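Enquirer: Spelled out from the first residue to the last, the chains are:
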Amino acid sequence: MVPITTIHYLVVAAALFVLGVIGVLTRRNVVVILMSIELILNAVNLNLVAFSRMWGNLHGQVFSIFITVDAAAEAAAGLGILIAFFRNKETVNVDEIDLLKW
Amino acid sequence: MPNMIAIWMPNFIMSYLGSTVTPGEAGSQFWALIYVLIIFAGVSVAVMSMNWLERKALAHFQIRLGPMRVGPHGLLQPIADALKLMLKEDIIPSEADQFVFWVAPLIGLLAAFTVYTVIPFGPSQAVSDMNIGILFMLGVSSLGVLGVVVAGWASNSHYPLIGALRSSAQMVSYEVAMGLAVVSAILMTSLNEKGTGTLSMIGIVRAQEQQGIWFIFKFFPLGLIAFIVFAIAMIAETNRAPFDMAEAESELTAGYHTEYSGLRWSLFMLAEYAAMIAVSSIAVTLWLGGWMRPFVRLLHGPSWDFIFSLFPGLTFLGLAAIAFVGVLRMPAHSFFKIQKIGLEAFGGLLGFIALMLLVIAIAGRSQDPSIGSRLNESIGYIYWFLLKVAVFMYLFIWYRATWPRYRFDQLMRVGWKVLLPISLAVLIVTAIVGVLVA
Amino acid sequence: MNPAMNSALNSGLNSTAGMAPVATPYFFYGLAALAVVSGFLVITRRNVVHSALALIVTLLSVAGLYLMLYAPFVAGVQIIVYAGGIMVLFLFVIMLVNIERSVKERRFNSMWPVGLSAAGALFTLFVFAFAKGRALFPDRMMSLPESSNTQQIATMLYGDAGKIGPYTFAFEIASLLLLVAILGAVIMTKKKI
Numbered sequence: 318m319v320p321i322t323t324i325h326y327l328v329v330a331a332a333l334f335v336l337g338v339i340g341v342l343t344r345r346n347v348v349v350i351l352m353s354i355e356l357i358l359n360a361v362n363l364n365l366v367a368f369s370r371m372w373g374n375l376h377g378q379v380f381s382i383f384i385t386v387d388a389a390a391e392a393a394a395g396l397g398i399l400i401a402f403f404r405n406k407e408t409v410n411v412d413e414i415d416l417l418k419w
Numbered sequence: 186m187p188n189m190i191a192i193w194m195p196n197f198i199m200s201y202l203g204s205t206v207t208p209g210e211a212g213s214q215f216w217a218l219i220y221v222l223i224i225f226a227g228v229s230v231a232v233m234s235m236n237w238l239e240r241k242a243l244a245h246f247q248i249r250l251g252p253m254r255v256g257p258h259g260l261l262q263p264i265a266d267a268l269k270l271m272l273k274e275d276i277i278p279s280e281a282d283q284f285v286f287w288v289a290p291l292i293g294l295l296a297a298f299t300v301y302t303v304i305p306f307g308p309s310q311a312v313s314d315m316n317i318g319i320l321f322m323l324g325v326s327s328l329g330v331l332g333v334v335v336a337g338w339a340s341n342s343h344y345p346l347i348g349a350l351r352s353s354a355q356m357v358s359y360e361v362a363m364g365l366a367v368v369s370a371i372l373m374t375s376l377n378e379k380g381t382g383t384l385s386m387i388g389i390v391r392a393q394e395q396q397g398i399w400f401i402f403k404f405f406p407l408g409l410i411a412f413i414v415f416a417i418a419m420i421a422e423t424n425r426a427p428f429d430m431a432e433a434e435s436e437l438t439a440g441y442h443t444e445y446s447g448l449r450w451s452l453f454m455l456a457e458y459a460a461m462i463a464v465s466s467i468a469v470t471l472w473l474g475g476w477m478r479p480f481v482r483l484l485h486g487p488s489w490d491f492i493f494s495l496f497p498g499l500t501f502l503g504l505a506a507i508a509f510v511g512v513l514r515m516p517a518h519s520f521f522k523i524q525k526i527g528l529e530a531f532g533g534l535l536g537f538i539a540l541m542l543l544v545i546a547i548a549g550r551s552q553d554p555s556i557g558s559r560l561n562e563s564i565g566y567i568y569w570f571l572l573k574v575a576v577f578m579y580l581f582i583w584y585r586a587t588w589p590r591y592r593f594d595q596l597m598r599v600g601w602k603v604l605l606p607i608s609l610a611v612l613i614v615t616a617i618v619g620v621l622v623a
Numbered sequence: 656m657n658p659a660m661n662s663a664l665n666s667g668l669n670s671t672a673g674m675a676p677v678a679t680p681y682f683f684y685g686l687a688a689l690a691v692v693s694g695f696l697v698i699t700r701r702n703v704v705h706s707a708l709a710l711i712v713t714l715l716s717v718a719g720l721y722l723m724l725y726a727p728f729v730a731g732v733q734i735i736v737y738a739g740g741i742m743v744l745f746l747f748v749i750m751l752v753n754i755e756r757s758v759k760e761r762r763f764n765s766m767w768p769v770g771l772s773a774a775g776a777l778f779t780l781f782v783f784a785f786a787k788g789r790a791l792f793p794d795r796m797m798s799l800p801e802s803s804n805t806q807q808i809a810t811m812l813y814g815d816a817g818k819i820g821p822y823t824f825a826f827e828i829a830s831l832l833l834l835v836a837i838l839g840a841v842i843m844t845k846k847k848i
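Protein chains in written order, with this note's numbering: chain A, 318 to 419; chain B, 186 to 623; chain C, 656 to 848.
Bound-form chain A, shown alone (with noise of 0.2 Å):
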């Protein structure tokens, strides 16, 4: 069997970073448009942790840890805005926020 070195790691975080980038792009729920920002996020943050153990020391951990902080942040605004948009227009949908438009 193959031994898993960092390009391995590197693969899964790339497979989860895209998915990420696929909801962002793609859906209308701004529910899941927040939880694919989060899965964005854990692909980084795997890979800073997937280097911090090929380079043998702690930089990649702690830069990780300042993005789960940055990703608590901002689940706690973005659902902060979440919730006043829906108490204005009664809808979650990303395309039907469209008052600046015309």
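Among the hints, erroneous ones may be present.
[What the hints assert, rightly or not] Dumping the calculated DSSO-like pairs for lysine-lysine here, alpha-carbon to alpha-carbon at most 27 Å:
(1) B:K602 - C:K847
(2) C:K846 - A:K406
(3) B:K602 - C:K846
(4) A:K406 - C:K845
(5) B:K602 - C:K845
What the hints contain is simulated information worked out from the structure, not anything from laboratory work. This one's a predicted model, so the numbers in the text were calculated from it and none came from an experiment.
Keeping the supplied structure of chain A fixed, place chains B and C upon it in accordance with the hints.
Expert: Relative to chain A, chains B and C alone:
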């Protein structure tokens, strides 16, 4: 071949009893599996007996008798209940989300039971010793809230949804105060010669052993305040009275599990009680010295060790005595004949266990590493740990019988405006005092 | 007493100690497959709660991958912050906003072919880059000291022996970011302040 097994078994058991590390650390999957099975069975039995004890104790608090019919003093009541719940019709509401409805109790159960992998019943009596032990425990036990939320949503009904919203808000809020209280205990572990703290559950108890003090008494009253904050947050975490708005039967019928029945409902109950035992174990590990016996610094020496090693046997002897007093107090009517025999048999079993424990305590008195002394030590560790947890279990019942239920806004106020500032203050003061001492 | 067998048994018990994690590749492929499959479910499920549950599975399997990368502290943070905190927040919000309607509606916006092809191009780029740059990555991975992982991360974040660490300032900024996020969320969601 029986001959080989006869040689193999004692060697194998001895090699385990002689080990100073947990099965997970030794990399022995076989022992780890046996441990997992023992813990799973033990927790299930503990939950069943807790069920009986809770009904009995609540009844006695209210000057009632409690369950009396099924078995002597209702001792077989949990078994009858379990049988009833398993045979009941398994109703899934037609408007419910089938898959999520099915998976919700499993999430709660999984979260409650996974926590037990790192609970240290003794220095080597744990499935594994993770070096992020307490972080893992807090994380996994916070997954339990997912089961509750998802159950309330999947039922597609009003009361469960409100119960789930209340419960998730409550559990998330109290997790903050709980985590900060835990951090102040972890800070105390770093006050040894090397100056490095630890997150490992076994390491935390070892730190208390080294410093010769339970963390509840450390920097009096800082440890005590942190412990009290944790003890309050822990009741809210497990949705128990007086913080049981999530399942308030008088306002929400039963909260998030209103629509559940039969086996699924019993899985929720199992998860709740397992989570109660788990958080009590965290409290015992962090503040009450884990497996350490009381007065380990004050009353030391072989003779004191021997006296304290008699305690497990004496406890079971006392339980047996209670059973036999119960036999004597039973009415002398022929209806009670079977019940009397049953209670006598139960008392006899308890007495037999007591005898075994006493024999082990006396035989394993010596300090040399024989099976007897190893067994004696292990029993001592597990006994003291479980005794402390049992005290917490009794407190849970006591609270439920004593205090009226909080209102939801009061609960939130206590969580955010009282417990959180107190735990923050304790954390900061502990850090300052720790730096000054070190 | 059979000495040969006895020693074999003893060595059997002892040799497991200090052994490398068993069948690591299988665990890796299992966790990776679980993460990717449930990641796929996250973006395709019609029902948002199903998406959230799938995302929880992804997060937990990524936490498992962290454990395999000698990053237990990051794995613990992943479980406690992501799975226990952020996902509960998500589920909470899903219950507050009405999803009855969105279940019956179209899942994807009208621009989905463009988005899909852009993401496909991105993935092709990734694969191309990995295939080209394969020689850059060493064949063997380092093993980090797992038992002192938390201490080392703490040293980096807070510094050691009176000196501040390389990330102390960034850590303070991160705490400020969280404070701003909390305030923003409260101001946006509260009707009357």
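Enquirer: Hints first: check each against the structure and report whether it holds.
Expert: Against the structure, the hints:
no. : hint            : result
1   : B:K602 - C:K847 : holds (20 Å)
2   : C:K846 - A:K406 : holds (15 Å)
3   : B:K602 - C:K846 : holds (21 Å)
4   : A:K406 - C:K845 : holds (16 Å)
5   : B:K602 - C:K845 : holds (18 Å)
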